[in-house]
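Here is what each chain is made of, one letter per residue.
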Amino acid sequence: MMLAYGMLISSGHAYAYEPPVVHTKETQRITQQNTTNIRGKVTNVKGEPLAGVSITAKSLANIKISGTSTDAKGNYEIKQVPINSVLECSYIGYIKKEMEVTGQPVMDIILEESAINLDDVVIVGYGTQKKGEVLASISSINADDIVRSTSPNVAGALVGKLPGLSNRQTQGTPGSETTIQIRNLGTPLYVIDGIIKDQGTFNNISTNDIESISIIKDGAAAIYGVKAANGVVLVKTKQGKEGKLSIGLNAYYGWQSWTRFPELANAAEYVRGDYERRINSGQLVDVETAKQELAKWEAGYYNPETGEDYRGYDWTTFVRDNVPQYSQNITASGGSERVKYYLSFSHLNQEAVFKDYSFKRYNFQSNVEANVSKNLKVGMNMSGKLETRENPGLSGDDDYWFARLGLFAARPTYRPYANDNPNYPALLPYEKELNLATMTKDISGTYNEDWRAFDGNWHVEWQSPLKGLTAKFVFDYYYADKKRNNFERAYDLYTYDYASGTYEVADRKTTSWMQRQFEGVEDKNYQFLLNYDNSFGDHHVSGVLVAEGSKRRTTNTRLAQSPVDNNFLPVLTNNPDNLAYLYDDFESRATAGFASRLSYDFKGRYLLEVAGRYDGSSSFLSNKRWGFFPSVAAGWRISEEQFFANSGLSSFLDNIKLRASYGETGDDNIDGYGYLDYIGGYTFNVGSAVIAENPSGSIDGSTVKGSQSRKTPVNQVTWYTSKMYNIGLDLGFLNNKLSSEFDFFKRQRTGLLATNPKESQMPVETGIVVPGINQNSDEVIGFDGFVKWNDNIADFNYNVGINFGYARKKNVLVANQVFDNSWDRYRWDQTDRWANVYGASNVWAAKIIGQFQSQEEIDNYPVVMDDQGNRTVLPGDFIYEDLNGDGVINDFDSRPLGYGEALPAFTFGINLGFNWKGFDFAVDFAGATMQTLVIDFEAKWPYASSNNSPAYMLNDRWHHEDIFDPTSPWVPGDRPPLRLDNWGEGGSYRRWNSYFMENTTYIRLKNLELGYTFPKMLTQKIGMEKLRLFVTGTNVFSLDNMKKYGLDPEQDGRNGLNYPQHRVYTIGFNVNF
Amino acid sequence: MKPAQMKKILIALQIICCMIVGALSLAACKDDWFDVESSSIMTEQQIYASNDGVTSILANMYSRLNDGQAFNTGSMNEWDESISNATNQQTTDYGDAYRRYYDYGLIREINLFLKNLDLYGEKLNPDNKEAFKAEARFLRAYTYFEMVKSMGGIPLITEASDYDEAVDFTTYQTPRSKEIDVYEFIHKELDDIKEKLDLRDGNNNPVKNRASKGAALALKCRAMLYAGSIAKYNASRNDLSLTLPGGETGIPADKANYFYGLAVDAAKELIEMGVYSLYTKNVSSKSDNFAELFLKKNAENPEAIFVKDFDGKSLTNFYTQDAIPRSLRSLAGSGSRVGPTLNLIEQFERMDGTISSLKTVNGTETVEEVTSTRSTLDYIVYDNALDIFASRDPRLMASILTPGSKFRGADLQLWAGIAVWNNNGYDFKHTLSIDNIEQYNNQQMTGVDGPHATSEVTNTGFLIRKYLDPNPGSESQGKSDVAFIRFRYAEVLLNAAEAAYEMGDPEGLALGYLNQIRTRAGLPILSAITTIESIRHEREVELAFEDHRFNDVRRWRTGDKIFDGNRNTKTALICGLWPYRISRPGHPTDGRWLFRRVRANKRNNPVKFINSNYYTGFEASVLSRNPLLVKNPYQY
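Taken in sequence, the protein lines are chains A and B.
For the first sequence, our numbering begins at 346 and goes up steadily by one.
For the second sequence, our numbering begins at 66 and goes up steadily by one.
Keep in mind that a hint or two might mislead.
To be verified - With a Cα cut of at most 30 Å, we get these calculated BS3-like pairs of lysine-lysine: (1) A:K1056 <-> B:K194; (2) A:K403 <-> A:K827; (3) A:K1050 <-> B:K696; (4) A:K777 <-> B:K471; (5) A:K1050 <-> B:K361; (6) B:K696 <-> A:K1103; (7) B:K198 <-> A:K1056; (8) A:K1050 <-> B:K188; (9) A:K1050 <-> B:K378; (10) B:K378 <-> A:K828; (11) A:K1050 <-> B:K180; (12) A:K1050 <-> B:K194; (13) B:K180 <-> A:K1103; (14) A:K1056 <-> B:K696; (15) B:K180 <-> A:K1056; (16) A:K777 <-> B:K180; (17) B:K373 <-> A:K1050; (18) B:K378 <-> A:K786; (19) B:K373 <-> A:K1056; (20) B:K378 <-> A:K827; (21) B:K261 <-> A:K1050; (22) A:K1103 <-> B:K243.
Hints in this document: simulated from the structure, not taken from any laboratory.
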C-alpha cells in the first residue's frame, strides 16, 4: 500500500522520454565480451508478480544495450547480457533498481514501491505529464488511497488525503453530497475522463472505478478557461491493461452508528427544568402540586390500573445502532495488444439510523479501447448509475429533518404508542406530526427518489506519421433523469381509555400529499484534440491544442396533489381535481472554447509552459461573451544541474525543483447575476391573482398567473477574472524516501458583480433598477503542502505523511456601498475585510466577560444587559462587555468575533501505513480549525419551541438550591438560569454572543484499515491470484471542542440538528482470479 | 528531406487543417451555438399581442397591491384592536418608519404598461385596450392613495422614464408634489376612468376582484374623505406642526368642505348605481348575518365592492390557519395569533344604545396582573360565561369569539383557571402548561383555548371570528379561500355619513346612512347625531380588523392623544378578560363564573402613537438619491 500524493500512474499516455540507442564502436566492443542469458521474476515486496516491468541492460557508461519487459506472471528473460554490465529494472510507482550482472543465470528482483517516482505520469489539463516535469500545483491521489474509505461519495473519500483540499462533511445523511473546495476558492470544476461534469456526477461515481484524481490548484487551470476560477478536479477512470482476463471481487459489510448526537433530557430532568424556569420567571406555580408531580416523575411511578404513567420515555430507542452498510463490486479487465477492456459493476447499500430510511446505488463502468490499426485507436467509456433514496413520506421537503426534529422535540413525558401497543401510534398533543412512531412507510407513506444517469464517452485517437503528434476526437453524451415519488398519507392517532380498555382515534393527520417530480439533465460535449510530444536532442517539446463545445439542458417538472383521497394507491389519478401545483421549467446553456498549451524543457532542467484558452459562454450578451485566459509557468530542477550533482547535497537530496506560475481564469457563474439577466421583456409566472379573466364572462374568475416586467437588462456584465499566483518547491531526499512539496498562493479576483456607482444617484421614484457592473474584487491567500516518509526495515514497509492547507478569503473591494452613518459603515462595510465575517450578522457578537454571581452584583452593576434596567437579570446571566461605554448593551457593543461560518481556513491530514508479510495497515486522520459555528435555536435555547432539550442544558445551569423556593441560595452552573422567555428575560440569550460561538477544531480518525493478503502459494491452490481480507473503521474517534454540545465536530447546522456522520466498522475481502 | 518524411508531414498538416476547419466551423456557428431557451421569458411583442398576455401582467400588478394589514395577523395586532398572543411586544412605539409604503417599482410598471399597450398592443381589440388602460390607471390611483396615506405628498410620476446610462442622473429627480395635488390627481384620474370600468355579468352583478366603476367610486369616496379630514383636523392641532411650507404635507383648511363634498358625491353616485347593498341574506340571526358577510364571495355578496381573492389552492391565505382557536387547529404551532382586546369588546354598545364597561366586580373596575394568584375583590358571579356579554351589539359575537362561543359547531374552551374560595377571597389556579392541562379536584384547570400567559392560545380571553373560515380543513396549509374585502358598501355609507356630517350635513344625509348600518347590525336607530363621535364609534365597531383603525386616528389627528403611551390612559392600556370557574363546594356559587379584568401580559407597554406616525419618514437612501425630496415633519 502506498500513500502517494502527487503521483499518478497512467498506463495510457506515457510519453516517456527515452534516450536513443546509440550504436557506437563501444557497443560493438561490448558484444564481443562475455555475455550471459538471464531470466528471473520481478515481484513486489508482497511477493506479487509485476507485469510489464521494464528490464534494461546498460553498460557501466550508462549506455543501453538491450531491454525487455516482464510478462503477466512477472517473468522475464534477457539474452546476451555482458558480464559486469548493469541490469536496470524500472516500473512506475516503484523505486528503480540496478543490479550488477555477475553471471548468475537467474536473477529474481524485488521492487519497492516508491513514494514519488519522477517518471510517473500525472494527468494535467487535456493530457499527461511526467511528475518531474509538472510545473503546475497539482495534488493527486490514486485508487488504493481512494477506496480506503467507506464514504459512499467520492468527495468524502478524499477527506484528509490531499493538501489544499478543504472539506467538511457537514451532513452524514445517506446519499448526501460532501462539499469540497480547492484552497477555499469556491465550487471547483469537475472533469471526468477529459469532459466537464457536474458535482453530482462526480460524487456518485463508484470509488472502485476511479484510477486517479488530480486537483489543479493554481493558474494551470486556465486551460479550462471561463469556468475554472475555483480550481479543477480531474478524474480518470480505470482502463483495461494488457494481459489475460483478471476478475476481481471486492465486498464489505459494515455496521454504522451515529458518531454523536446531543443526549436529551429524561422525563424527570425535563419536568424539573420546566417548573424551575417558570419559578425563575416569576410565573405562578402551584408549588405543592408541582413537588408531588416531580416526585412521581423522579420515581417513575406507574399504575397500570388507572393509567397514571410517570415512567418517562427514552425516544432515542427510535435511533438504531449498527445499521448495515454494504457494498459489492465485480470487475473484469484485461486485453490484448489490440483490445483492452475494463468492466465493472458495483452496488452500495446504506441504511440510516432511522428505520425505513435508506440509500442504494448501482454503478456500471465499461471502458474499452481498441487499436483498429497501427495508428488508430478507438475507445469508449460508458458508465451508468441508479441511485435510490427511500424513506417515509413526511411533511416538508426533508424527511430526515423531520425525524431528527421528532427525536429532539419529543417530550420524554409522552410515549409513542397508546397503551404501549405498537399498533396504535399515540397522539402527542404538542406536535401531532412529530411522533417518531408514525415515521414509517406503513403509516406515513413512502418517499422515493430514483436517479438514473448514463454517460457515454466515445473517442478516436490517431497517431500521425509525424513523430509525437496525435489527434483525438471525443464525443460525450450524458443523460440523467431524476424521478421523485412522494406520498404523504393521512393517518390516525390514538389514545387509550383505561376505564373501558379501548383505543380511541384521538386525532387524524389529515393533510395528505402526493408529488411527482421529473428532473432531467442532458449534456453534449464535442472535443477535438491535437497532442504533440517530441524531443530534439536536449530539447523536449510538447503541446496540446483543443477545440471544444458543450451544451447542457435541464428540465424540471413537478406536480402535486393534495389532499389525496385514496390513502393506499399512490397515483395522481386518485383525484385529479386536487392538483396542488404544477411546475414546469427548463433551461439550457452553451459554451465553446479553444485552448492550447505549449511546454518546453531543456534537459529536463529548465522548464517553461504557456497555455491559454479563448472561451465563450451563453451566460452573457454576445458582445460580452468571449474571453481569453492565459497562463504561464516556469520551473528549475536544480537537482538536474551538474553543479548540484557535484555538490555534497546530491548525496541525500535527490530532487529539488522550484516552480512559479501565473494564470488567469474566469467564472460565468456570478453571484447576483441570474440566468438570462441580459434579456428584457416579461417573466411569466411571477405573482398571481384571482381575477375575472374576461371582461364579458363570469365575474368569479380564477387564478391568473402573473407576468412581471424584467429589470433593466444587464448588458455590461461579463465573467469575472481570477488571477492565480503560485510559487512551489518540491524536494526529495534519501532516494526520494522523504519527499515534500510546498506551495504559496494568492488568488485575486477582479470584476465581481458590484453595485453600479451610479445607482446611488438614481432616484428611487423612477423605479429603475440600475444594472450591476463588474467591479468588486477579492483575494484568497494561503499555502499548502505535504511531507512524507516512505521506507522499509527489511520487509516491513511503512509510510508517514502529513498534509495541510491554509486559505482564507478577503474582500478587497466591495464597491459603491452606501452607508447612512459611520456605525453602519463600520458594521457593514466589506471592503478590505475578511469575507464571511464582515457583512455577516452572526459572527458579530457581544463579548462575555463573566457571569453575575449574586443579585447584589446585578443590583449594583452600572451596565444594562436586558434593555429593562437589569430587572429581569438573574445570577448566572452573562455580563457583556460594554465596549462603547454607554451603560447599555445593544448592537453597538458587538464586534466581529470568529472566522465566519464557512469551510475551515486550516485543514490538515495525517496518514500512516505499513505492510509486513502480507499485512497492511493504514490510518488517515483529518482535522480542521479556524471555522466558526454560531450556536442557535435548539442548540442554544433550553425548551426551544417548548420541546425537549439536551440534558446538559437542564442540568449544568445556575439554579436555586431548592428550585421551588426562589429565596433559597443560588447554586452556580455553566449556563444561565432556566426561564420561560429566553428572549425577553435576562439578556443572556438575546443577542449573538461569544458564549454561543465556537471555533470548531478537531482531529478525527477518519479511516482505519487493516488487511491481510494470503500468501499466493496458498491461494493459487484454490484458483485465486489474490485473496485479501480486511477490516476498516470510519470516524473511529475524534478529539475536538464540540463534545460539550454533544455535536459532531464537522456538522455545521446552527441548531445542531444536522444528521451526524456515521461511525462505520466493516469487514470485507478482495479476491482476484 | 526524404520524400517519405515529407509525405508524413503533409498528412499531418492535412489533419491539422481539418481540425482547424472543424474548430472554425464551431466558431462560425457561434451565434446559433449560444442560443438558449427560456421557460419563462416573453418579449413585449409576444405578451402584448393577446388579452391573456395583458391579463397576466395585470394579475401580477393586482398581486402587488398594498393592503396595509389585510389578513396580516402581525400588523393587525399593533394598535388597540388586538394583541399578538405569540410574541411579547416590548416596543413602546413603532418608530418613524412605521407603515412606510413607497412602491415606485409598481408605479413604474404601471406606467410602462400604459406605454407598452400603445407600442406593442396593436393586435388588441381597441375597446379592450382602453379598458386595460383604465384598469391600470385605477391601480395607479390606488397605489398613489396608499402612498399619500403613508408619506403625504410624493412625486407624481405618470410616465416611465427610459434608462440611459449616459445621461446625468440628476435629470431623473422629481420633487414631492403637494399632498393636496396627490389627492386631486386621484380624484381626477378616477373620474376620468370610472365609466370605462363598468364590468358586470349577465345578471348585472359587478366584478369585485378586479377594478370596476364601484371600486373607483369607493376609492374616491375614501380618498376624498381622508383629504377632507386632513384639511380640517390638521388645522385643529396647533400644538403640532404637521404642515410643511411647500404643502408636501397638510391640506389648507379651506379645502375641507370641498373634499368632504367630493366624498359624499362619490358615495351617492355609487349608491345610485343600484348594484351594491348591505348584506342581509341571513334573516335568522343578526350576528350570523354579519359574520357571513365576510365569507361570501362575488354575486353572493352584494356588499363587497373590491376584494383581494384567494383560491385556497395555489393562491392561499394563512389568516384562518393563523387565527384558528387551538382546539380547532390541525397544525402544531399554528393558530391563536390574534387576541382581541377588552378595549375593543367594550366598544360594542349595549342593546339600549349605551356604551359601557363589562361588569366584573361590584364597585370600581380594577385592572389586575395575570401573575397575581389571589384576590379579595368582590367579583360578580355569572351563571354562564356568556352572560357577561348579554344584550350587546350582535356584531360583537359576529366579530369576536368570546368565552362561551361556539365555532364550527364546537364549544370553545375559554377559561383561565379555577377560582378557589379561600378565606374571604379567591385563590386562582392555572395549568402550568397548556400542552398538558392539569386537573384540580377532577376539574380541568384551564380551557384548551386559554386564556393563558403563553403563546398558541389567547392571552386576552378572546379570539377573532371576523373572516375566520368555518370550513373544516381551511385552517391547514393556508387553504382558506375567503377573500379580503378592501371596499364594502357599509364603509361607503360610513364615509359619506362622516363627510356629510363634517361639512354641516347640508343635504341631511348623515343620519340616514348611519341608521342603515345600525339597522342591519340589529341596533336601535338613532334619532339624531349629536357629535361626530357617534359616527367614529360606529366605524370602530363595524370596521374592526379591516385596516381602518390606524388610518382613522391618523387622519383625525387623534392618534397621539388616544395612544399617549400612558399607563393611566384607558385607551392606551390594553386589557384582557380572564374567566374563572368558581370552586366553592357546597356554596351556590360553586361551578359558576367570575371574570378578572387583566392587563394584557403580552403587551408590556401602553400603546404609543408618536408624532412621526402621522407622516411616515422617508428612507435615508431615498432621500440621498433624490435631494429634491424634503423630509416629513418629525422625521429624524
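Practice item. Compare the distance between the alpha carbons of K378 (chain B) and K786 (chain A) with 30 Å, and conclude whether the hinted pair is satisfied. Key: Between K378 (chain B) and K786 (chain A) the Cα gap is close to 27 Å, so the pair holds against 30 Å.
**Study point:** 30 Å Cα cutoff - pair K378 (chain B), K827 (chain A)
**Key:** 26 Å, holds
Practice item. Could you grab the alpha-carbon distance between K373 (chain B) and K1050 (chain A) and see if it respects the 30 Å cut-off? Key: 15 Å, holds
Exercise for review: Measure nothing beyond the straight line between the CA atoms of K180 (chain B) and K1103 (chain A); if it is 30 Å or shorter, mark the hint as holding.
Suggested key: 26 Å, holds
Review point. Given the hinted pair K1050 (chain A) and K361 (chain B), is their alpha-carbon gap at most 30 Å?
Key: 24 Å, holds
Exercise for review: For the pair we were handed, K403 (chain A) and K827 (chain A), check the Cα-Cα distance against 30 Å.
Suggested key: With Cα atoms ~60 Å apart, K403 (chain A) and K827 (chain A) exceed 30 Å; violated.
Check your understanding: Is it true that the CA of K1050 (chain A) sits at most 30 Å from the CA of K188 (chain B)?
Key -> 21 Å, holds
Review point. Are the Cα positions of K378 (chain B) and K828 (chain A) separated by 30 Å at most?
Key: Status holds; Cα separation ~24 Å.
Practice item. Sort out whether K180 (chain B) lies within 30 Å of K1050 (chain A), counting only the CA atoms. Key: Answer holds: K1050 (chain A) to K180 (chain B) is near 22 Å, not above 30 Å.
Review point. Is the straight-line distance between the alpha-carbon of K1050 (chain A) and that of K378 (chain B) 30 Å or less?
Key: Holds, because 13 Å separates the two Cα atoms, which is no more than 30 Å.
Review point. K261 (chain B) and K1050 (chain A): Cα distance at most 30 Å?
Key: 24 Å, holds
Review point. Hey, K1103 (chain A) versus K243 (chain B), does the alpha-carbon distance stay inside 30 Å?
Key: 28 Å, holds
Consistency with the previously given hints fails for numbers 2, 3 and 16, ordered from lowest to highest.
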